[in-house]
Amino acid sequence: MRAAGIGEQGQARLRKARVLVVGVGALGTHSSDALARAGVGALDLVDRDIVEQSNLQRQVLFTELDAEAGTPKAIAAAARLREVNRECVVTAHVANCTAEFLRALPRPDLVLDGTDNFPTRYLINDWCAEQRIPWIYAGAVGSEGASMVLRPGGACLRCLWPEAPANSDVGNCETAGILAPAIAAVTAFQVAEALRILTGSSTPSTRGVFTCDVWRGHYTVITLAPESAIDCPVCRRERFPALTETQPSAVSLCGRDAVQIDPPRRSPADLDALAARLRGVATDVLRTPHLLRFQADGVRFSVFPGGRTLLFGVADPLRARALYDRWIGLS
Amino acid sequence: MIYLDHAATSFPKPPSVVAAIQRWYLELGVSAERGDGSRCSEVRREVDAARTALGALAGVRGDRVAFTSGATESLNLALRAVLRDGDVVLTTAFEHSSVVRPLQALQRQRHLRLEILPATSGTLSLAAARDALQNLRPRLFVFTHASNVTGALFDAPALCELARQAGTMTLLDVSQTAGLTAIDVGADLLAGSAHKALHGPQGLGFLIARPGLELPPQKQGGTGSSAAVAEHPEHWPQAFEAGTPNSPAILGLAAALQWLQERGIDNLRNGALARAEELAAGLRRKPGVQLFWPTGPRLPVVSFVHRDFDPAELGSMLDAAGIHVRSGFHCAPWIHAALGTATAGTVRMSPGPDVSADDIRQALAAVAD
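Going down the list, the protein sequences come from chains A and B. To convert, note that position 243 of the first sequence is 243 in our numbering; the numbers rise steadily by one, no gaps. Add 1000 to the 1-based position in the second sequence for our numbering, that's all there is to it.
The following block holds chain B by itself, in its conformation from the complex (with noise of 0.2 Å):
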């Protein structure tokens, strides 16, 4: 099979990664704040290697990482955190549902003035975004760092830059960046997962804040510390994490961010941009296809249609010649009104780092002309 479906989940992943979490479940099986064992300072001490490691991409110290359950959930309990009743929140065509549906479900609670940035050329306008900030002074800037459907990264430094000028604060999404590109970006709260480009497991996300920023814990439960007070901590991390820790899941997480190190993220990137240039060249050769490529900085992922077949047909196309890929919407139920693709979606092939330049021959020719 060939794996071209990275934006979703990276596979297949490091194999210290694979050993690193079956570690835990033979050898060391415990969390690092609960228990006196000598194991507990081992899982602590990996715990710690993970949260700093994904600190040092975000520019910041470990201690303002927060381990989730998933981008998800590190969206949610930020919006939740942040929103008050009749706040201005400005945000992007490009969300994600993860960012949509909180955001939606907020609006009608706390009667939010939802503003959302156009996705017209495909891309995110500055100028827009300078305007709409200057105009709205929101309370939250919240984006994603770059589109899961057409791959535009955005310019998230003048983003963050242009909210810090407005009073907004901003939380970027980087779920689809962390792993790929610098997300030492300047915003305010990030969130993201483990399963993407960071090449973590599933069931492993993070939140993290700007030292000096402090929000009221959305969940409360054991955190292994400060047990004796029932009141749930309210200083970063322990105030967005809640309950017994995914240990297996942080311990692959650390392996990972070790492995991206020693790869180096550009080479990873441009690896993954070289197979998706030449996706591009290849399905601009068939006449059938409609590819939506946006210039501009980008990540490896390629979104198209095709005159003759429905999205879902041509993913089922790929899947019977071994290649798999994602057709459909993508999550990201906005973008496509001005992609025109609102009615079928795209197909999108997104390949990682160690695909081969043979493996895109293959993909290629399985797609009708």
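Looking at chain A on its own, in the form it has when it is part of the complex (with noise of 0.2 Å):
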């Protein structure tokens, strides 16, 4: 309350905010915690995924007991915001977040980005301007982060990239690692752009992208043009596509400890780019000419080359669906 530009009125607003935070992982953990704490009045937490032990090195509320339980990362996260802030009301969802998701939500002020994945964001970015809510990017791997906040009226994520840059070029925590500041500075930025919207802060957001490199030390903000592109489908023509397509489906195999994953178009997927980039983060990447097939999160993958994946020694529907997306991420 006592710090510069929140005040009574900011701190009142803030009890009476609603934020959606999507993905509860390195950056979810960070941005609630913050957000919790800073008195928030709700928070909508959304991850389809369970703590592991690989999480703990930056997945900053779980506990060696959650991970050795398998809880899922949004219930984990609830309990221990709970606790930081009792008045806080929590709501965990352990969810796929899809357009029929969203929709039964009641409307947040804000939603922050915390997945790890494209199509995810192109959701978030669809949504959120067709309710006309503010949402903040935000994505690390290695030692290097970004984040920029997306306000309705303003470019989308659309008008900057309009295709979903392949996993392949931008890699992801799994296939390069991440170091824990790094998170730490994206979150910072991202949560402190959320303060302000949420408070009403007469300082008006921050335009363009923060990037920071923390190993190199370079924090800077990159302007880029405040309109929309000229050519976006949800700016200029009121399409939302991610709110129309159609989902990958996750088929449990009858009988089997094994998920069988279909994208909704069939597509030629470059399974000789995959596999070269799998080599060295996956264990036993294995190219026929029939499928590629490698080991990652203790779970064995087939793809096939018409973009069909296996996930054998994984039952829950929900969970392939949330590895499939994080290492292969062909939709």
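Because the hints were derived from the structure by calculation, they are not lab data. Among the hints, a few may not be true.
Claimed, not checked - Listed below are several chain A residues computed to face chain B (Cβ distance under 7 Å; list not exhaustive):
{"no.": "1", "residue": "Cys254"}
{"no.": "2", "residue": "Ser302"}
{"no.": "3", "residue": "Gly306"}
Claimed, not checked - Here are the in silico distance ranges between beta carbons for each label pair:
{"no.": "4", "chain 1": "B", "residue 1": "Arg1110", "chain 2": "A", "residue 2": "Cys254", "range": "25 to 31 Å"}
{"no.": "5", "chain 1": "B", "residue 1": "Gly1340", "chain 2": "A", "residue 2": "Val89", "range": "54 to 60 Å"}
{"no.": "6", "chain 1": "B", "residue 1": "Arg1110", "chain 2": "A", "residue 2": "Gln57", "range": "56 to 62 Å"}
{"no.": "7", "chain 1": "B", "residue 1": "Ser1121", "chain 2": "A", "residue 2": "Gly177", "range": "52 to 58 Å"}
{"no.": "8", "chain 1": "A", "residue 1": "Leu105", "chain 2": "B", "residue 2": "Phe1011", "range": "40 to 46 Å"}
{"no.": "9", "chain 1": "A", "residue 1": "Pro264", "chain 2": "B", "residue 2": "Tyr1025", "range": "28 to 34 Å"}
{"no.": "10", "chain 1": "A", "residue 1": "Asp316", "chain 2": "B", "residue 2": "Leu1026", "range": "43 to 49 Å"}
{"no.": "11", "chain 1": "B", "residue 1": "Arg1285", "chain 2": "A", "residue 2": "Asp316", "range": "36 to 42 Å"}
{"no.": "12", "chain 1": "A", "residue 1": "Ser249", "chain 2": "B", "residue 2": "Phe1011", "range": "18 to 24 Å"}
{"no.": "13", "chain 1": "A", "residue 1": "Glu52", "chain 2": "B", "residue 2": "Lys1219", "range": "46 to 52 Å"}
Stated by the list, open to error - Far from chain B, some chain A residues (derived; all Cβ distances over 12 Å):
{"no.": "14", "residue": "Glu68"}
{"no.": "15", "residue": "Pro119"}
{"no.": "16", "residue": "Pro226"}
Idealized CB from N, CA, C, for every residue including glycine.
Each chain sits in its own coordinate frame; assemble them with the hints.
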């Protein structure tokens, strides 16, 4: 309350605010922790994954007990945040973030990106544009990170990147690893911007992309054109592709500890590029004329030329979708 | 797409079947026993034609044929109608879940003694069946006419005769065989579905009882007849037909049975069997493949596993090559212990009568050596 720019009025606004955090991994645990401590009234946390040992290095709300029990991230995080601030109403959603899911939620005042994949970011973008809700992009990989505010009426994510960069181009924290301070730097920007928006601060949101490389010591804001791109389907034509696209289907195989994932459209998957990216980060990578196999997160993946993927060693379709988006993300 | 899953559902359906279903939706739209209009009479004629043609396959009159929602409902209703507390039931390790699951539920509810003939040789032993029938004198012998996993076709006439000699009632699951081989084999009850080799639509099945066998209804409701009477009728087939029937599907089945007669069941079977033999011959040449192909009479069903690939992987590889097959357990939970496939099941290819030799070559090319 005493901090510059917040004041009693700002604190009261925070208490009435509702924030949706999509993805409660490294980014989402940092940002939701800061928001709960700042006194935000209600937090919706959505994540379909469970806590694992390898998460603990950077995902601050979780403990070894959570990892041993395989507690869903949303539930473990919500429990911890209620201990942090019992007045904050925290709702855990162990779910895929889909258009249907978002439509069923109470309307948030702000959405924070804590995801690890672009299909979900486009979904957030399109839904927020349709609903005219501000959201704050965030991503981090290796020692680098980026974040930016996307407000209704301004440029959206599709204005900047009309198509999702292939996961093989940007890497992810599984393939490139991640340095915990990169998360802290990115979420520091993200949460500060969030607080400015939620308190109704007179200082406008930062325009442009905050980028950092905490290992090299680079911190910059890259200025971007504030207007929507002239051919953006969302901003110029009010079409919201991610809200109407069919999601990949995930089906448990009868009697097996395995899940089959089919992308909505069969498109030739570049299995060679995928294999090249996975070598060194996944184990047992095997490319045959018919398929690509690899082992990651304790699960054996088999990817086929049309994009279908089988995951052996996982029975829950939600968890399989999370692993699929993390390691393959072809949609 | 090359479709090799006829053991699950035949595809494509004959155009006359599609036309008959469409005609019901566009021109008829009513039920046989429900209404006074001339269109009701028209539907009734078609439903009767379906009963008569199906009865002819089973060697009974049409009025012994009850329509259900599928073989699963037929088997459930028959098992519930026949079995009493403490009964001994004989069955086989080849059964589909539509027999296994109701039997296991009834075993708990009605304290049945369940005896299961083994699948050790990949087929059913007549000697083992004779011994079990003579020693146990079960109330019911429920068994499938053929394995939907290995394709083995069982000697149903001999098995039904052995049961008759032991005073045991027979319930034969002809889901795999109706439309491919004779089903007039001396069983007391026949249960099957329209959507497999009969080439009819999904959502329709039948339960056929030999003349003189009446069973208590297991579902009660409207029958379109005897409506002034509060009790559900106990005579066949109304005893097993409560509620508005699936008229469009029955009209589709009537057309399918007509098509079967024109093409000839033996011709259809032999065509599909030739393709299955080609598949088996090609698979035998692949060093990584283990084929399940028991000797003796069979259906066009080919099951195999591969040394280097999971059945689900093979199914997806074939799918990527445009070939539709089925991998897994094929809803037959007991047989896989005998085959050594209890972990992941098999890949099953089941060709239909109009699959070409070239289709088979393409399918074989898509299976790794």
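Q) Which hint numbers doesn't this structure obey? A) Hint check: nothing fails, all pass.
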